[in-house]
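Engineer: We have chain A already, so just place chain B with the ligands on it with the hints.
So the sequences go chain by chain: A and B.
Number 146 in this note's numbering belongs to position 146 of the first sequence; there are no gaps in the numbering.
Number 105 in this note's numbering belongs to position 105 of the second sequence; there are no gaps in the numbering.
If you are wondering where the hints come from, they were derived from the structure by calculation, not from laboratory data.
Please note: incorrect hints may appear among the correct ones.
FRET-style restraints, in silico, Cβ to Cβ [said to hold, decoys possible]: (1) Arg-133(A) / Ala-84(B): 25 to 31 Å; (2) Leu-209(B) / Asn-40(A): 44 to 50 Å; (3) Arg-136(A) / Ala-99(B): 27 to 33 Å; (4) Leu-40(B) / Pro-21(A): 40 to 46 Å; (5) Phe-2(A) / Ile-7(B): 52 to 58 Å; (6) Thr-29(B) / Ile-20(A): 49 to 55 Å.
A virtual CB, placed ideally from N, CA and C, is assigned to each residue, including glycine.
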Amino acid sequence: MFFLSSVAGLWAFLTLRFSIPSAVCRDRSRLIVGRLSEFNTEGVYTHLRDSHGIWLVCIRATGQRRLMAYRATCTHLGCLTMWSQADNEFHCPCHGSAFDLSGNNLRGPAPRPLDVCTLRILDDDLVEVNTARTFRRGPGRALPPDSYIVL
Amino acid sequence: MRLRQRIRRSQLYRSIIRHPAPKDRRTRTAVVLTNLVLHLHPVAISRHAVRIGYTWCLGGIAFFLMLVETVTGVLLMLYYRPTATHAYRDMLELRDVVAFGMFREIHRWGAHAMVIIVMLHMLRVFLTGSYRPPREFNWVVGVLLLLLTFFLAFTGYLLPWDQLSMWAVTVGTNMAGATPFLGHEGPGSTWLTAGGKPLITPHSDIRFLLLGSTQVTETTLNRFYVLHCIALPLAAFAFCALHFWRVRKDGGISGPL
Ligand code: HEM
Ligand code: FES
Numbered sequence: 001m002f003f004l005s006s007v008a009g010l011w012a013f014l015t016l017r018f019s020i021p022s023a024v025c026r027d028r029s030r031l032i033v034g035r036l037s038e039f040n041t042e043g044v045y046t047h048l049r050d051s052h053g054i055w056l057v058c059i060r061a062t063g064q065r066r067l068m069a070y071r072a073t074c075t076h077l078g079c080l081t082m083w084s085q086a087d088n089e090f091h092c093p094c095h096g097s098a099f100d101l102s103g104n105n106l107r108g109p110a111p112r113p114l115d116v117c118t119l120r121i122l123d124d125d126l127v128e129v130n131t132a133r134t135f136r137r138g139p140g141r142a143l144p145p146d147s148y149i150v151l
Numbered sequence: 001m002r003l004r005q006r007i008r009r010s011q012l013y014r015s016i017i018r019h020p021a022p023k024d025r026r027t028r029t030a031v032v033l034t035n036l037v038l039h040l041h042p043v044a045i046s047r048h049a050v051r052i053g054y055t056w057c058l059g060g061i062a063f064f065l066m067l068v069e070t071v072t073g074v075l076l077m078l079y080y081r082p083t084a085t086h087a088y089r090d091m092l093e094l095r096d097v098v099a100f101g102m103f104r105e106i107h108r109w110g111a112h113a114m115v116i117i118v119m120l121h122m123l124r125v126f127l128t129g130s131y132r133p134p135r136e137f138n139w140v141v142g143v144l145l146l147l148l149t150f151f152l153a154f155t156g157y158l159l160p161w162d163q164l165s166m167w168a169v170t171v172g173t174n175m176a177g178a179t180p181f182l183g184h185e186g187p188g189s190t191w192l193t194a195g196g197k198p199l200i201t202p203h204s205d206i207r208f209l210l211l212g213s214t215q216v217t218e219t220t221l222n223r224f225y226v227l228h229c230i231a232l233p234l235a236a237f238a239f240c241a242l243h244f245w246r247v248r249k250d251g252g253i254s255g256p257l
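The shape of chain A in the complex, shown without the other chains (with noise of 0.2 Å):
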């Protein structure tokens, strides 16, 4: 009874660990978007959606004007959001979910803003986002400064 339960046991794990691969391919994380001026019109810019995954957004807030990169991924339960030019939102085709030009959660089921991706200027003013490193928001957690650049 001990020895079978014993190579039971061994047998489990094996094939447990066996099915979790021990290594997986990512794309780079980091990617240079453009040059700062080219993101100077408030809107969305969303030509990096399909392949990246992000939104780039130049956006007003406290009196200034910043440029933000947002994860497309829904923070329900992670499916892309689209860009609604007409309705001035992020929308999300799962459950309906929609987000602000903020990237706040205004329906639906998402419990909290679309997270951001850190940023920042290299030389000549190219701007590269990290995809990688990302911050979550939600009540009371201030958004950290090189999650935007000022324009």
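Structural biologist: Coordinates of chain B with the ligands only, in the frame set by chain A:
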């Protein structure tokens, strides 16, 4: 009739079928006892057990649908390739180009039907109070069969590799990420640590195990394909055998209330 007699007496026939022709009670019993398929059913059952208004044959229909899914599923495997390049196109080809492409539709509708029928069967068992002793263990086996049915449906849903399946599986596996202790967003996930480092991260939790990655990728497709076509059906058939055997050992179908 002469020919029939000759066949019945031939060595070939008698090497396969050992029982006499079913003419009276005794020989009919012999048929049921010696035939592999027929012996799954008892030789004698009480009258109420065949009353359709009691079981609605829902368990039987569930098993029938499982056989339909197995047969049509094996046919689909002749064309379908579980890779990012081929999966979606093969699915369209199965629908539009392959002769009798209705097998894909049968497989899909059958899958929907099976989920519904299994739940109705569970409802029947509940309403007739058949979960009570001595059938508690078979209820537990039933719950495992229910979970296997759901998991078969879920893994199969990814295989068309279209937008619907991608996002449905994204949502479903993100829900698994909220499992207590085992999912990186679940309650208690931060309690499990080794040497001060968290054990449950997006790269080691139950969601990662399901996806084989941190997102729905080709690895996931392959994983779900293997689960859908091999691991889960094997488990489901094994548990069905146990389920049916237990129905017999628990004294046949439960009596009317
Ligand atoms: C793949 C899924 C399943 C199959 C193929 C299946 C098959 C069957 C069959 C053929 C019977 C004989 C009576 C009848 O046809 O109703 C039966 C009885 C039974 N099933 Fe299932 N079943 C499944 C799932 C379940 C589930 C989800 C439950 C409950 C959680 C369950 C609990 C039972 C019990 C307790 C009995 C004995 C009922 C009685 O004696 O009246 N089964 N099952
Ligand atoms: S995943 Fe966006 S609303 Fe559910």
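Engineer: Decide, hint by hint, whether the structure agrees.
Structural biologist: Going through the hints against the structure:
no.: 1; hint: Arg-133(A) / Ala-84(B): 25 to 31 Å; in the structure: holds (28 Å)
no.: 2; hint: Leu-209(B) / Asn-40(A): 44 to 50 Å; in the structure: holds (46 Å)
no.: 3; hint: Arg-136(A) / Ala-99(B): 27 to 33 Å; in the structure: violated (53 Å)
no.: 4; hint: Leu-40(B) / Pro-21(A): 40 to 46 Å; in the structure: holds (41 Å)
no.: 5; hint: Phe-2(A) / Ile-7(B): 52 to 58 Å; in the structure: holds (56 Å)
no.: 6; hint: Thr-29(B) / Ile-20(A): 49 to 55 Å; in the structure: holds (54 Å)
When each numbered hint is compared with the structure, a violation occurs for hint 3 only.
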